[in-house]
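Chains as they are written, first to last, in this note's numbering: chain A, 1 to 93; chain B, 1 to 124; chain C, 1 to 286.
Just so you know, the hints here were simulated from the structure itself, not pulled from any lab data.
Derived lysine-lysine pairs resembling PhoX-like cross-links, with alpha carbons at most 20 Å apart:
| no. | chain 1 | residue 1 | chain 2 | residue 2 |
| --- | --- | --- | --- | --- |
| 1 | B | K114 | B | K33 |
| 2 | B | K34 | B | K114 |
| 3 | A | K93 | C | K168 |
| 4 | B | K108 | B | K120 |
| 5 | A | K93 | C | K119 |
| 6 | A | K93 | C | K167 |
| 7 | C | K4 | B | K114 |
| 8 | C | K4 | B | K33 |
The residues making up each chain are set out below.
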Amino acid sequence: MVMLFPMMGGEITPIVVGFAIGFLFGTQVYSNVSRRTVVMIICLCIVGASLFQAPVFTWSLIGGYITDGLSFAAPFISATIGILLGWAVRGGK
Amino acid sequence: MIELTLQFLSFMASALLILIGIAGMLFLDNLIKKIIAFTLLSDGVNLALVSLGYFEGGVVAILTPGTSVAEFPQNAVLIFGPGIVLTNIVIGVSTTAVLVALTMVLYKRYGTLKASKVLKGERK
Amino acid sequence: MEMKELRGSRGVLAAVALLIIFIGVTVAFVQLNGNVARGISPEYNRLAHLQQPNSLSAWVYDWRGFDTLIETGVIYVGAVVSVLVIGRGLVRMKQVEGEEPVPQTSLDLKIGSVNAILKYFIFPLVILLAAYGILIVTGAATSGGGGFQCGVVVASAYLIGAVFFGKKNPLNFRRKFLIAIGSFGWALYALLGLPGYLVTGYWQYNVGTDLWSSIAGFPAQIPSILHTIFGDPYRLALVLKGGTFYSTAGIVPLINIGEAFNVIGAICLIFLVFIYGWSDTEEAKA
Numbered sequence: 001m002v003m004l005f006p007m008m009g010g011e012i013t014p015i016v017v018g019f020a021i022g023f024l025f026g027t028q029v030y031s032n033v034s035r036r037t038v039v040m041i042i043c044l045c046i047v048g049a050s051l052f053q054a055p056v057f058t059w060s061l062i063g064g065y066i067t068d069g070l071s072f073a074a075p076f077i078s079a080t081i082g083i084l085l086g087w088a089v090r091g092g093k
Numbered sequence: 001m002i003e004l005t006l007q008f009l010s011f012m013a014s015a016l017l018i019l020i021g022i023a024g025m026l027f028l029d030n031l032i033k034k035i036i037a038f039t040l041l042s043d044g045v046n047l048a049l050v051s052l053g054y055f056e057g058g059v060v061a062i063l064t065p066g067t068s069v070a071e072f073p074q075n076a077v078l079i080f081g082p083g084i085v086l087t088n089i090v091i092g093v094s095t096t097a098v099l100v101a102l103t104m105v106l107y108k109r110y111g112t113l114k115a116s117k118v119l120k121g122e123r124k
Numbered sequence: 001m002e003m004k005e006l007r008g009s010r011g012v013l014a015a016v017a018l019l020i021i022f023i024g025v026t027v028a029f030v031q032l033n034g035n036v037a038r039g040i041s042p043e044y045n046r047l048a049h050l051q052q053p054n055s056l057s058a059w060v061y062d063w064r065g066f067d068t069l070i071e072t073g074v075i076y077v078g079a080v081v082s083v084l085v086i087g088r089g090l091v092r093m094k095q096v097e098g099e100e101p102v103p104q105t106s107l108d109l110k111i112g113s114v115n116a117i118l119k120y121f122i123f124p125l126v127i128l129l130a131a132y133g134i135l136i137v138t139g140a141a142t143s144g145g146g147g148f149q150c151g152v153v154v155a156s157a158y159l160i161g162a163v164f165f166g167k168k169n170p171l172n173f174r175r176k177f178l179i180a181i182g183s184f185g186w187a188l189y190a191l192l193g194l195p196g197y198l199v200t201g202y203w204q205y206n207v208g209t210d211l212w213s214s215i216a217g218f219p220a221q222i223p224s225i226l227h228t229i230f231g232d233p234y235r236l237a238l239v240l241k242g243g244t245f246y247s248t249a250g251i252v253p254l255i256n257i258g259e260a261f262n263v264i265g266a267i268c269l270i271f272l273v274f275i276y277g278w279s280d281t282e283e284a285k286a
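All chains should be built: construct the whole structure from the sequences, respecting the hints.
Right under this line is the structure:
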């Protein structure tokens, strides 16, 4: 059963915190890789998020829960995006 | 007569690890081997702590959706062993790091890893 | 002790001493087998549905929170000591002032057999491992994770980058950054006890979860604003067989984040000083 509301604070906060910590670590990334590698990281991240499944007791769509057996680890995706964004903003080559 | 349960067997394994660790730390000459023996000793202690919490038919002490609230406390394993092991591992890492760093300095100064030669104080 | 010294009577004495130690340890374990006192563990398992599903994390940061705080300090001190021992550039003790410091040569790891394909895949692996560490620390309250585990995973990502790329580590943590997040994590852990102390008098009382204030004899009522600040961000709906519980982990996830920062700082500092060495001239150049 897909449920967008009501969602609890415990489903949103890990995503925000994951993005923030990822951004912090992303500012320390120094590498000169091609754009294709970045696309590959994002694809691998989505595959990995579906393998890890949503965190337990997550029931909303934003938290990553779709149905039993198909769910995404939303903090993992947001952390990866945070690292990539931090790298783009403050990191270097 | 002692029953050969899983807990008893892992206690015996940890006793063996502790013995090997003590023997290695006392009787081996090489400093790196001494450090390896130290980590074996600490692993033995960790294994003993983890096996403290074990009992027959226990489940992991983490709630999952649909768990019965009334039955969970009886079924869940004891959490103090893993809790102490968690910090023991990290402290083991830091002490091993300090030991290895000291060994590096000793090697650079004496040119050997043998404890007997280091104790005699021969400079390179 | 060399092996040839162990021949003869010394060897017999050593064997007897080891045998006595082994018998002592074994007897202790045989007496313990099956007779372990359950202690506080069942209480925390009983409270798991009111606080957080991972009762191990609750036990580590709630019941023995002080212990863990001091142990967090121990690992940080361990990291700082190994930095001081290897790169004796920062502190010169008086006795060794005359001696030359240990020569600094950073171990530049060169792995010849790494081919291009492997090197091409290592950068995504490092990034995804770091993200996985962050996933572990954000899900600490509900699944088997926590600050220590996150720190170790991120440190392993750093180590993989160092092994495969040498000095051009993609996860290039600077020394000042590592020292900063290590001390920030420790400070966060310690200061999160302040709200509980100000309200109830107990340092590190979990003001978000607030399990005990309904019990008679508890010193104070927790203001509802503290419930909102520390409790609501981590509130979850636990659907169990006994009903649905809207419980929250309170300050434990925040403590986990502080712990994770501290462990990342400490272990990466250890790896950094072992791999690259520590001299002030290189830092000035960079």
